[in-house]
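Asker: Sequence:
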Amino acid sequence: MTQHASEAIYQGQFGEFTINDSDRTGVIVYRAGLMVAALTFALGSALVLLNYDAVNLQILTPLFACFCIALGVSLLTIHIYLAALHRLLQVFWVIGTLSAVFFAVSSLEPLAITIYNHPTTLFGIGFVFAALTGIYFKEAFCFNRVETKVLTPLVPILLLGHILQVLPVQWEQTMLAVWAIFFIVFALRKVVQPIPPDIGDKSVFAYLKQQGSKTSEF
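Reading the sequence shown from the start, the letters are residues 27 to 244 in our numbering.
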C-alpha cells in the first residue's frame with residue numbers, strides 16, 4: 027500500500043509513525059462523546075439548580091442515559107498508553123451504568139430523587155463519575171488544562187461529601203454548577219484542539235503491544 031504524500035511522518039519515542047483517517051475519526055468521535063456528555067450534564071444540572079420540580083426530575087433520567095452512552099463512546103475511543111488503566115475506566119463505566127439501570131427500574135421515584143435521598147446508591151452509580159474523573163485526570167496530566175485540574179479533585183469531593191452528608195446544600199449546589207460549567211469549557215476547548223496530540227505517540231502504543239505479545243509467549 028502506498029503512503030499518501032500529504033501524510034505527515036512523526037518521530038515517536040520508539041520510531042516513526044503516521045496518523046491516518048481512522049485515527050482522526052477516533053479522536054472526533056471521542057470529542058463528540060465528550061461534548062454530548064457535557065451538554066446533557068449541564069442541562070440536567072441547570073434543571074436541578076434553577077427549577078427544581080417533579081417534571082424536571084423525570085427528564086433527568088433520559089438525560090442521564092444520554093450522558094452515560096456518550097461517556098461510554100468516549101471511553102471506547104480515548105487514547106491512553108496504559109491499557110490496564112483504559113480497561114479499568116471502562117469497567118467503572120459498566121458498573122456505574124448497570125447500577126443506574128438497576129435503581130431506575132427498581133425504584134418508584136425518579137432516578138435523581140433516589141440518588142439524592144439515598145446517597146449510598148453512589149457506591150454503584152458513582153463509578154460512572156469515577157470513569158469521567160479518570161478522563162479529567164488524563165487530560166490534566168497530558169495537556170495541563172486548568173478546568174480539568176479543578177474537576178479532578180472536585181468531582182470525588184462532591185460525591186464523597188454527599189455520601190457522608192457533610193457538605194451544606196449551598197456548597198453542593200455551587201460545586202455542581204462549577205462542575206457543569208467547567209465540563210462545558212473542557213469539551214469546547216477539545217473541539218478547537220489540534221487532533222494529533224489527542225492521538226499521542228503511536229510508536230509507544232506499538233511498543234507496548236509488542237512487549238505484551240512477548241510476555242504472553244512465556
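Do not rely on the hints blindly, as some may be mistaken.
Have a look at the derived ranges for each label pair, beta carbon to beta carbon [to be verified]: (1) Gln-219 <-> Leu-102: 34 to 42 Å; (2) Pro-194 <-> Gln-116: 15 to 23 Å; (3) Gln-196 <-> Ile-35: 32 to 40 Å.
Below 27 Å or equal to it, Euclidean Cα-Cα: the simulated DSS-like pairs (lysine-lysine) are [as the list claims (entries may be wrong)]: (4) Lys-164 <-> Lys-216; (5) Lys-216 <-> Lys-175; (6) Lys-164 <-> Lys-175.
Keep in mind that the hints were calculated from the coordinates and are not lab data. Keep in mind it's a predicted model, so treat the numbers as computed, not measured. Where is the CB? At the ideal position from N, CA and C, for every residue including glycine.
Asker: With reference to the structure, classify each hint as holding or not holding.
Answerer: Hint by hint, here is what the structure shows:
no., hint, verdict
1, Gln-219 <-> Leu-102: 34 to 42 Å, "19 Å, violated"
2, Pro-194 <-> Gln-116: 15 to 23 Å, "35 Å, violated"
3, Gln-196 <-> Ile-35: 32 to 40 Å, "55 Å, violated"
4, Lys-164 <-> Lys-216, "13 Å, holds"
5, Lys-216 <-> Lys-175, "15 Å, holds"
6, Lys-164 <-> Lys-175, "10 Å, holds"
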